[in-house]
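*Asks:* Position chain S against the provided structure of chain V, taking the given hints into account.
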Amino acid sequence: MSTAQELSDFLAQVERRAFKQTAYAVRDDHAALDIVQDAMLKLAEKYSQRPASEYPMLFQRILQNTMRDYWRRQKVRNLWTTLLSSFSRGNDDDDEHDPLETLMGDSEDDSQDPFAQLERSQTIAIIELALQKLPTRQRQAFVLRYWEDMDVAETATVMGCSEGSVKTHCSRAVHALALILEKQGIRKEELGKSGVEP
Amino acid sequence: MRQEKDTAKEIVRMLDESVEHMDARIVAKLADSRYRAVAAVNAHAMQIAGAPGLLRLFSDYIHHHRALMMSAVVLCTILMAFVLTQQFYGQEAMEQGDAFLLASELPPQAYLDKGFNTWLEQASQH
Numbered sequence: 153m154s155t156a157q158e159l160s161d162f163l164a165q166v167e168r169r170a171f172k173q174t175a176y177a178v179r180d181d182h183a184a185l186d187i188v189q190d191a192m193l194k195l196a197e198k199y200s201q202r203p204a205s206e207y208p209m210l211f212q213r214i215l216q217n218t219m220r221d222y223w224r225r226q227k228v229r230n231l232w233t234t235l236l237s238s239f240s241r242g243n244d245d246d247d248e249h250d251p252l253e254t255l256m257g258d259s260e261d262d263s264q265d266p267f268a269q270l271e272r273s274q275t276i277a278i279i280e281l282a283l284q285k286l287p288t289r290q291r292q293a294f295v296l297r298y299w300e301d302m303d304v305a306e307t308a309t310v311m312g313c314s315e316g317s318v319k320t321h322c323s324r325a326v327h328a329l330a331l332i333l334e335k336q337g338i339r340k341e342e343l344g345k346s347g348v349e350p
Numbered sequence: 149m150r151q152e153k154d155t156a157k158e159i160v161r162m163l164d165e166s167v168e169h170m171d172a173r174i175v176a177k178l179a180d181s182r183y184r185a186v187a188a189v190n191a192h193a194m195q196i197a198g199a200p201g202l203l204r205l206f207s208d209y210i211h212h213h214r215a216l217m218m219s220a221v222v223l224c225t226i227l228m229a230f231v232l233t234q235q236f237y238g239q240e241a242m243e244q245g246d247a248f249l250l251a252s253e254l255p256p257q258a259y260l261d262k263g264f265n266t267w268l269e270q271a272s273q274h
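In the order they appear, the protein sequences are chains V and S. Just so you know, the working numbering puts 304 at position 152 of the first sequence, and the rest follows in order with no gaps. Just so you know, the working numbering puts 226 at position 78 of the second sequence, and the rest follows in order with no gaps.
Chain V on its own, in the form it takes in the complex (with noise of 0.2 angstroms):
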């Protein structure tokens, strides 16, 4: 049984990896923070009784579940939203929109931080819209096996997965994201240079 401060402790270590996390797949600040509340409410009101021990994985089932939840309630929205805006149609040139290009041509203009912090920042930014455009299954996996330091077996019961299905969706991931950043000139040398020093 666990107390109060160790609930505390336990939701200041995770609580900004958690909404980076969220707000990756929901790709709205507000909406992760909602979710990410959401989800500290319902592990406080019904796991806190719990040993601390468990907080970890019973938070990202939590964190899982109210992000699905999210999507389900967007997906119903969504359905909404286009069939009453092919009663008005407007004009949609933002479709073709890439938000990679739009943070090169934006960091460009930022040319009053020194040249180093601005090219870790940037850097920065390409792997967090990296992570965004990664398949959820495979974000999910990377983030929770590497981010959240889990292993394998405590990875595939919050995915609710085999751990095969695990290391594939981990390697397809690094791939996918070492792909990325290497087409964005970012190689995993640099990549060590502009991060921060051990």
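The reader is advised that the hints may include incorrect statements.
Ranges of calculated distance between the beta carbons of each label pair, as one might list FRET restraints [what the hints assert, rightly or not]:
| id | chain 1 | residue 1 | chain 2 | residue 2 | range |
| --- | --- | --- | --- | --- | --- |
| 1 | V | TRP232 | S | ASP154 | 41 to 49 angstroms |
| 2 | S | MET217 | V | ARG324 | 38 to 46 angstroms |
| 3 | S | MET228 | V | TRP223 | 36 to 44 angstroms |
| 4 | V | SER314 | S | HIS212 | 30 to 38 angstroms |
Derived by calculation from the structure, the hints in this document are not laboratory data. As the structure is a computational prediction, the values presented were derived from the model and not from experiment. For glycine and all other residues, C-beta sits at the position ideal for the given N, C-alpha and C.
*Replies:* For chain S alone, kept in the frame of chain V given last:
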């Protein structure tokens, strides 16, 4: 495999850095959410601590078996509705029976007499 892990590590290192430099407003909102979650736990703990022994045990049991309790409540409601409906229906049937007997030209004893129906049929045939 080794190269794959190294690449993943480098990406994660960059992601960790992005987390360190998150927007202050988002960080504040996340902290607020955390306080709310912990406050919910504290409020529940206070509620339970304030209750005497048996009540606390009961409250704890209900908290941990919420789904079961909800099912029990729904079942009880259905059962009560069934019993009440049956009672009203039975009462109505009895009232109708009484009204029929009172309004009938024959005395109630005539309906209890088993030979009466046979006699009535034979009498009506002649």
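*Asks:* A separate judgement is required for each hint: does it hold in the structure or not?
*Replies:* To see whether the hints hold, each was checked on the structure:
no.	hint	verdict
1	V/TRP232 / S/ASP154: 41 to 49 angstroms	holds (46 angstroms)
2	S/MET217 / V/ARG324: 38 to 46 angstroms	holds (45 angstroms)
3	S/MET228 / V/TRP223: 36 to 44 angstroms	holds (40 angstroms)
4	V/SER314 / S/HIS212: 30 to 38 angstroms	holds (31 angstroms)
Consistency with the previously given hints is maintained throughout, with no hint failing.
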